[in-house]
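Protein chains in written order, with this note's numbering: chain A, 4 to 128; chain B, 1491 to 1937; chain C, 18 to 494.
Among the clues, some could well be false.
What the hints assert, rightly or not - The calculated BS3-like cross-link candidates involving lysine-lysine, where the alpha carbons are at most 27 Å apart (straight line), are: (1) C/K49 x B/K1683; (2) C/K49 x B/K1542; (3) B/K1776 x A/K62; (4) B/K1503 x A/K80.
It should be emphasised that the hints constitute simulated quantities derived from the structure, not laboratory data.
All of these numbers come straight from a predicted model, not from anything done at the bench.
Okay, here's what each chain looks like letter by letter:
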Amino acid sequence: MEKFYTKNHEWIKIKAGAGVIGISSYAAQQLGDITFIELPQTGYVAGKDDFLCEAESVKAASDIYSPVSGEVIDVNKRLQDSPQLINTSPEDEGWIATVKLKDPEEIKNLLSEKEYKEYIKTLGQ
Amino acid sequence: MNYTPHTEEDIKKMLKSIGVSCVEELFDVIPQELRAQSFELPESMSEQGVSKEIERLLSLNGSGIRNFAGGGFYDHYIPSAVDFLSSRSEFYTPYTPYQSECSQGTLQALYEYQSAICRLTGMDVSNASVYDGGTAAAEAVLMALNITRNRRKIIIDSGVNPLYREIIHTYTENLNIEIVEVDSINYRADRKKLKGLTDKDTAAVLLQNPNFFGAVDDYTDIVAAAAENGALSILLFYPVSLGVLKTPGEMGFDIAAGEGQSLGIPLSFGGPYLGILAACKKYLRKLPGRIAGAAQDSNGRRGYVLSMQAREQHIRREKATSNICTNQNLMALRALLYMVLTGKSGFVNVSKKNLMAAAKLKETIAALKTEIEIPFYGPVYNEFVIKLPVDARAAVKKMLQQKILAGVPLGDFYPGRQNELLVCATESSSDEDFKLYTDALENLLKL
Amino acid sequence: MKLIFQKSVKSRKGVDITGALQGGTEKLPEAKYLRHSPAELPEVSELEAVRHYVGLSRQNFSVDTNFYPLGSCTMKYNPKILEKAASADAFTGLHPILGFYSCESCAGALEVLYRMQEFLSEITGMHSTSLQPMAGAHGELAGMLMVRKYHRKKRNNKKFIIVPDESHGTNPASAAMAGYGVVTIPTGPDGLLDIDILREKLSGETAAVILTCPNTVGKFDPRIKQISSLARSRDALMYYDGANMNAIMGKVRPGDLGFDIVHLNLHKTFATPHGGGGPGAGPVGVTKELSEYLPYPRVVKDEDDGFALSFDRKKSIGRIAPFYGNFSVILKAFIYIVLLGKEGLKDASEKAVLNANYIMKNLNASFNNPYPGHCMHECVFSASEPGMAMNIAKYLIDNNIHPPTVYFPLIVKEALMIEPTETESLQTLDNFIDLMRKASELMKKDPQRLQDSPVSMPVGRLDEVSAARQPDVNFTS
Chain A
4 MEKFYTKNHE
14 WIKIKAGAGV
24 IGISSYAAQQ
34 LGDITFIELP
44 QTGYVAGKDD
54 FLCEAESVKA
64 ASDIYSPVSG
74 EVIDVNKRLQ
84 DSPQLINTSP
94 EDEGWIATVK
104 LKDPEEIKNL
114 LSEKEYKEYI
124 KTLGQ
Chain B
1491 MNYTPHTEED
1501 IKKMLKSIGV
1511 SCVEELFDVI
1521 PQELRAQSFE
1531 LPESMSEQGV
1541 SKEIERLLSL
1551 NGSGIRNFAG
1561 GGFYDHYIPS
1571 AVDFLSSRSE
1581 FYTPYTPYQS
1591 ECSQGTLQAL
1601 YEYQSAICRL
1611 TGMDVSNASV
1621 YDGGTAAAEA
1631 VLMALNITRN
1641 RRKIIIDSGV
1651 NPLYREIIHT
1661 YTENLNIEIV
1671 EVDSINYRAD
1681 RKKLKGLTDK
1691 DTAAVLLQNP
1701 NFFGAVDDYT
1711 DIVAAAAENG
1721 ALSILLFYPV
1731 SLGVLKTPGE
1741 MGFDIAAGEG
1751 QSLGIPLSFG
1761 GPYLGILAAC
1771 KKYLRKLPGR
1781 IAGAAQDSNG
1791 RRGYVLSMQA
1801 REQHIRREKA
1811 TSNICTNQNL
1821 MALRALLYMV
1831 LTGKSGFVNV
1841 SKKNLMAAAK
1851 LKETIAALKT
1861 EIEIPFYGPV
1871 YNEFVIKLPV
1881 DARAAVKKML
1891 QQKILAGVPL
1901 GDFYPGRQNE
1911 LLVCATESSS
1921 DEDFKLYTDA
1931 LENLLKL
Chain C
18 MKLIFQKSVK
28 SRKGVDITGA
38 LQGGTEKLPE
48 AKYLRHSPAE
58 LPEVSELEAV
68 RHYVGLSRQN
78 FSVDTNFYPL
88 GSCTMKYNPK
98 ILEKAASADA
108 FTGLHPILGF
118 YSCESCAGAL
128 EVLYRMQEFL
138 SEITGMHSTS
148 LQPMAGAHGE
158 LAGMLMVRKY
168 HRKKRNNKKF
178 IIVPDESHGT
188 NPASAAMAGY
198 GVVTIPTGPD
208 GLLDIDILRE
218 KLSGETAAVI
228 LTCPNTVGKF
238 DPRIKQISSL
248 ARSRDALMYY
258 DGANMNAIMG
268 KVRPGDLGFD
278 IVHLNLHKTF
288 ATPHGGGGPG
298 AGPVGVTKEL
308 SEYLPYPRVV
318 KDEDDGFALS
328 FDRKKSIGRI
338 APFYGNFSVI
348 LKAFIYIVLL
358 GKEGLKDASE
368 KAVLNANYIM
378 KNLNASFNNP
388 YPGHCMHECV
398 FSASEPGMAM
408 NIAKYLIDNN
418 IHPPTVYFPL
428 IVKEALMIEP
438 TETESLQTLD
448 NFIDLMRKAS
458 ELMKKDPQRL
468 QDSPVSMPVG
478 RLDEVSAARQ
488 PDVNFTS
């Protein structure tokens, strides 16, 4: 399935009409060992680029933003006990939340996988 | 007197190595026009000279004053080993145990402190302490606002220590929240009103047990009513009372905060004290301040670290759970030592003795042939209110002439209650103290 | 070491405080007010407790046992006479509420507080000082609340506090607690605030600028007055984070530089013991214009030249502590100032700067120095390679030296922030320099050795990741 990315390093893919959101492999690597993620609550309504939730590592805390506008309809409860899934499988098993898209057109303004890969090359390291 | 070890020879050698001709050259970066315009301080003194100055200052304080004032701060006996152990250089002179391998003593003691606080309060988790009871209460309120996110109302019973209520106001003044204070009725919380005011916009209800008037209560029903509305409940507790009284955990409180001074910490004219902050497990990651946690090294040995630091200001900066950057470490150690040294049964004995002492003094005062009224006959702990036929503040001032601190006049904190006096007795009050007190009261009222 | 709870034996007694309680006199309230069963506190003898905690204490490094060059923390020697004053019964037994009813009964304590307010105002060049804040961050909070009061009175619509990127984490956190947003200004290649960006970001909505001077990379900003007047032109207040006051006592006063609010850390600059992380004290000083906003009560002189408490709270931000702050910490710092006097305090700052520069100069060849040139009381190096600052820290532990502050300030990669303080001798510094040079050689020749440190401590490096994932913060069995 096609994935789209943001410059904040979140990804989203459309599955059964809803958007599944997570953070990119690049972001997971930058954050280091994730120790805790405070999942959003279902029913939480986020605008595009609004705060979605936050992730903690031993020496850092980072906000994760929603790539699109929508309402959270599901969260990855496995992350509560196994936040390390974000490190081991950031773009699959480490997904964070599913949102009901308010405006599917928003996807079009995100980066394609290829564009995102080009983008992170410009960031060095 | 100074404590710099540099000899002339050392200084020469160091300056040469640095490549400057005098120490002042190292300050050349500071332009002359920025230099101090004044620095008028006393001349340096010898250690012996200072020792005499200390004697002089000590002699200025009134000595031999018998203390019947509490108000949340108590004159308790402190076991000698508390002073002895907490004064060890290795506990006294390190800093924050960020480098865990060379700080295991402090870290394990903190872990033990947290565990002992949980056992005492019946709560699941405790932090490594904050400044004092008042700031613990304020941090508890901020924590509740943080957990409940968009709720803006805090309900506080007026039986909560008035000094702490003021600190909470100071802390929250700019946070766009509403604080509703509910007057107590007949020295107890107005449960009907408290429950009625709790709604979907309420972040927390704050209560104290025993309350400022010494009255003991069971708040289980108020906690349940708060929970029904999705509001948190916070209890301010008095540690020594928990040798016998129902715990915040047993009543179902979400957060428990308290002043730990009664656990082996001297009164010292207001500090340093100890802010205890504990909570139920689901709020662990919302607790502010330091928390010690167990960890393992690569050989499987158990040790301790400052855990979950990503909550704190040095990492999260403006998004931290609090700006607090320390704990009252040495005070937490003293509290731990107090709980360990008195131990399971000794702690209960101290707790009971306090209860009995207050009850005895109350009965003795009630039996006096004076116009003193005892307005509340329900259960009290350590402290109780008496109503004098005269102004209580004036009475306290008069009794101080006989070296008796008679109590805390309520009128200063509760307008209109000028004749009421909050009287305290602890395990260190003797029968002789009681006699002196009641004699002085009788004399006062005769005049 | 085993936990004290694991040494507990059923029915063993500790210290007897009460003697036997006479039966029949117990008048316990009815059962619904009582706890179900006693708290499971340990049951150990006094001797067992003493051995346990003496044993634990020996697992700590401390200033009294080890060199402790922890940057930004000013781990100087704590003179023992300070304890003599603070442990006297005439102070420890004093109930704070006594001051509300009889200033004569606590005249010695009030004299200490009053004179300390005066001392600190003179040292910082401020008009008046409150001793109430119980730590540096608490002083910052009091300061931010006063910033609020000032702008409210002037009906200014202010929204942001400006802080440099090298600032202490408490600065933005305190601003947030007062309801302000935070704007961060980067540090230039010279280690100083980028003044052009400051000019750009300063606006009518800026409430205050918080600076540490010298800053956390050990540099004094000679343009500080220019920065103050820039702030003033936007009616933004200048806040001085006094964490680094130890560099400049008697040389510079924040009040003379245009600062409006200053907090000090008595446990750093004024030699009170750190206690393993508190108690401290964070007095806050202000200009005349702001003095009416200080926390109350304050100690004042009455008509007869005696000392009294002022409970005037009309304009005050209110109470931030229940009484007068951490009195016994204030008392120790007061005694320290009396001991050293003006010449001693100046001497302390001069020797602190001398010691830091000596270390800097002698390590320049071994480590990357991001901000060369003389430093003030501390210097910052970069260990360059990922993880190396931590490795060096652990290597120093194996050599009985407490590590410098590592990974702070955040703007220096693999930061090693070294603050030797003035009370350390040339021999101690030389030993440290020697070890640091060895560490730098090991970085190239035998990095594994560094990676394996420490080996001489009761535990090796602990797995903080697992500890944070599965927190165990309360011993439950």
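Quick rundown of the hints versus the structure:
1. C/K49 x B/K1683: Between C/K49 and B/K1683 the Cα gap is close to 22 Å, so the pair holds against 27 Å.
2. C/K49 x B/K1542: violated, 55 Å
3. B/K1776 x A/K62: Judged against 27 Å, a Cα distance of about 17 Å means the pair holds.
4. B/K1503 x A/K80: With Cα atoms ~64 Å apart, B/K1503 and A/K80 exceed 27 Å; violated.
Of the numbered hints given earlier, the model fails hints 2 and 4; all others are met.
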